[in-house]
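J.: Sequence:
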Amino acid sequence: MKVLLSIKPEYVDRILDGSKKFEFRKVAFKNNQVQSVVIYATMPIGMVVGEFEIEDIISGAPSVVWEMTHQFAGTTKDFFDSYFEGREKAVAISIGNVKKYDKPLPLNVFGQGITAPQSYRYLSA
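Numbering of the sequence shown is given in UniProt numbering, commencing with residue 1 and proceeding in unit increments.
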C-alpha cells in the first residue's frame, strides 16, 4: 500500500539528494501495511515528484526519536523541537530507496478530486 504525503519543497530536495533520511510526522499511519510514500511537493511546486520505500517507522518520545535520527534528519533541532512541542510522541519514517519521477505529475493522475493531504492520504495503487 502507498500513501501520499505533502512535503515542503526544501525537504523534498533533501530527500531526493539523499541528505534527508527521515520524514517526521506527528501521527503514525493507522494502516501498518503501508510500504511506500508518494511525494507531493507543496506550493509553489504543487506536483507529485517521486516516491520512496519505507525502510522502518520509529516512534517514541521526541527526544529519543531525535537522538536516533538527527544525523540524517534534514532539519535543525530547533525546528524539530518546535514541530513536536507539547507532543509526547514523534514519528520518523525511515526513507529507503528513492525514485524521482522524470516528469512531475499532477495530483489528478491518482483520481479525480484528489487533493493534497494535510497529513497523509492512502492511495489504492
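Because the hints were derived from the structure by calculation, they are not lab data.
In this text the structure is predicted, and so the values were computed from the model without any measurement.
Treat the hints with caution; some may be incorrect.
Said to hold, decoys possible - Pairwise CB distance ranges (calculated): (1) S59 <-> K103: 31 to 39 Å; (2) E67 <-> S124: 33 to 41 Å; (3) L105 <-> M1: 15 to 23 Å; (4) D81 <-> D13: 17 to 25 Å; (5) P106 <-> K77: 34 to 42 Å; (6) E67 <-> I114: 32 to 40 Å; (7) K77 <-> Q112: 36 to 44 Å; (8) G18 <-> G86: 30 to 38 Å; (9) F72 <-> D102: 24 to 32 Å; (10) V64 <-> I114: 17 to 25 Å; (11) E10 <-> P117: 13 to 21 Å; (12) D81 <-> N108: 32 to 40 Å; (13) Q33 <-> L105: 19 to 27 Å.
As the list claims (entries may be wrong) - In the DMTMM-like style, the derived pairs of lysine to aspartate or glutamate whose C-alpha atoms are separated by at most 25 Å in a straight line are: (14) K26 <-> D13; (15) K30 <-> E51; (16) K26 <-> D81; (17) K8 <-> E55; (18) K89 <-> E67; (19) K100 <-> E67; (20) K103 <-> E67; (21) K77 <-> D102; (22) K99 <-> D17; (23) K100 <-> D56; (24) K30 <-> E55; (25) K21 <-> D78; (26) K8 <-> D81; (27) K21 <-> E10; (28) K8 <-> E88; (29) K2 <-> D56; (30) K2 <-> D81; (31) K8 <-> D56; (32) K103 <-> E10; (33) K21 <-> E88; (34) K77 <-> E55; (35) K26 <-> E53; (36) K103 <-> E51; (37) K77 <-> D13; (38) K30 <-> D102; (39) K26 <-> E51; (40) K2 <-> E85.
Note that the Cβ used here is the ideal one computed from N, Cα and C, for glycine as well.
J.: Compare the structure with the hints numbered earlier in the document and write down the numbers of the violated ones, lowest to highest.
T.: Hints 10, 19, 20, 21, 30, 38 and 40 not satisfied by this model.
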